[in-house]
Amino acid sequence: MRDCRNAESFYLYLEGELDPAERRGLESHLEDCPACREALAERRLLHEAFTSLPPLEVPPDFALSVMDRLPEPATVGHRWLAPLIAATASLVVGLFGFYLLTGESLSDVLVAVSRISGSATGRFLPLLAKMFKVGTLVLKLAADLVSMLVTGLGAVLHALGPQGIGLILGLGLLLSLLLFFGAKRLLSLGEKT
Amino acid sequence: MSEDSTLVFKALKGDRKAFEMIVRKYEQPLTNYLGRMTGEREAALDFTQEVFIKVYCSLGSYRPAYKFSTWLFKIASNHLIDHWRKKKLPTLSLDQPIDADEGSLTPQVPDPGPSVARKFELAEIRQKIERALESIPEAFRELFVLRHVNEFSYEEIADIKSLPVGTVKNRVFQAKEMLKKRMEGS
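Protein chains in written order, with our numbering: chain A, 1 to 193; chain B, 194 to 379.
Okay, chain B solo, but in the shape it has when bound (with noise of 0.2 Å):
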């Protein structure tokens, strides 16, 4: 049984510190996740503890058969799409096709754009990626993010978003593509 495994059980059986436990182990990463989500570090705070309260009441439905971070991802990411539908914000779908402009995304190389490499330094990169992140739509910036910043394996996303692996790969690709053109362009 995993350690994750072994501090549900626990839990279960009414052991809060396990639960707690669990919580210091996973806040970071699911407000890494959120946060990146949401664009807003104070809602991803409170997103993550919904997310926590929520799994807490579903534990009994967590079976060891299955990794208890990709789980729990699935669940975060349920709250995300249901927060997003409640508030009607315009979500895209995986399967809807991508925008004219988007769906260009086919890059051969060699690219014949300006070298993002020459353009910025590592830092101002990832400030960059920051905010372009929050341009690109939130079904690529999704899998971007458990890919990138969660560290999750291209398996794991595919159990979590319930897709196919390759699709996931190439959306993680689109995204990253998204992201480089959108870097550009600023």
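Isolated chain A (complex conformation) (with noise of 0.2 Å):
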């Protein structure tokens, strides 16, 4: 009777959830012990009861029903991505006609607008002015990059006059939708079938 071992020793020896040393040990002591070996059966017997109770009935239409229950569909987050393509895309548009327009420089144009936003910010936020002077630099080298690109492109327009400048904003603008819906079919992943 020396060493036996409690009941929750029994249910873990029955599951295999003891480990080698404890699972010898308890075997060993119940080839000593009755009492334990007596414990140990009605152990099994219920344990053998615990893991075959029986399933609950589920109606076969069950998964149907909850199909029909389902909201609009889940998505993974990236919805945002849609409009922020078409805003970029619009801002594009609109900075290429504003420089056709009006003939400012663009580069001058993108370095006002990083400006006001800038001395804003910095009111309120230093640090936040900071790095916005530091995209300003970024900002002027990039737009004077594509400057560059767009007085040759310049050149072109004005050659074509009033008609063919309107011509250019409507692709633009055409291109502005088919990016907005196309980046909207890409990325609503959700859709249903």
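Result set (EDC-like, lysine to aspartate or glutamate): computed pairs, CA atoms no more than 20 Å apart in a straight line:
#, chain 1, residue 1, chain 2, residue 2
1, B, LYS210, A, ASP61
2, B, LYS374, A, GLU38
3, B, LYS321, B, GLU233
4, B, LYS362, A, GLU22
5, B, LYS247, A, ASP68
Not the full set, but computed from the structure, chain B residues with beta-carbon under 7 Å of chain A:
#, residue
6, GLU220
7, GLN221
8, ARG234
9, TYR249
10, ARG319
11, ILE322
12, HIS341
13, PHE366
It should be emphasised that the hints constitute simulated quantities derived from the structure, not laboratory data. All values derive from a computational prediction rather than experimental measurement. Positions of the beta carbon are idealized from the N, C-alpha and C atoms, including for glycine.
Got two chains here, each in a separate frame; can you build the complex from them with the hints?
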């Protein structure tokens, strides 16, 4: 009767949850202890009943009724990309149109926009303002590059006249719409099939 | 990627058939679990439906690094807890001490009581277990059901309930001894 185990050991033994040393120790003890053998036999029957409780009946059309109640499709959370892409495209088109209509240097326009944003933010968040200054420099460099490209293109458009400019703006708008709907289609991952 | 993760990925892409496959795969285990927790089949079916809808709405937050069934049952368990809180039903935290009667559940063998094995046949024992299940605190019942009805490992239950594995093992054992005691008393 020495080293009798508690009931938890019996359950863990029956579930195969004892490590090899514990299992051997228990089995060795069981050989010499009729009381523990009886207690184990009792838990064995209970364990068998615990692990064989019958399943509850589920109606055959249950899955369909769940599907009928599903709300709008789940998404992976990238839908914000579609308007972002469209907004970026629209901004580019707008700046380009502004340049064509006013003749202002594109780099001047971009730098002015950056400065306005930078100074407004700087009043509240100096750190953010510094970041904007760095951004402005980067933007100015990028704008100069774009400006060089656009100057060449502008000369061509100038030769085309107002109708040509209108045509380009129309194409730009069309491109924005295509980008918007294309991006939306690509990124709306939860659409119904 | 596991089969479940693939189905989730497809469902996120808008494949409703993939989600239907998930429902068909888990409707039975989920109903078994919720049925034992609520004690009513009809209520269990309603809960199961609500859990699947919740799961569908949360698919985007599922991470394939985790086992899908564990994630699913975590949602089901939280859904039950929310329900009980709303209904203001008395709940027993696993951290709460159990009452004096239950607290004495540290049986040492040999057990002097009448042998359950001799008193009932297996089928009768199952019926008794079903009835006794309704009378034990749900915190213990839930761990028992997850272990023996849904056949989760102790480690998986620990993940579902955010508890240490040792605590889960001990509570499942206590649940079994509570059931045994109630069956002997009936």
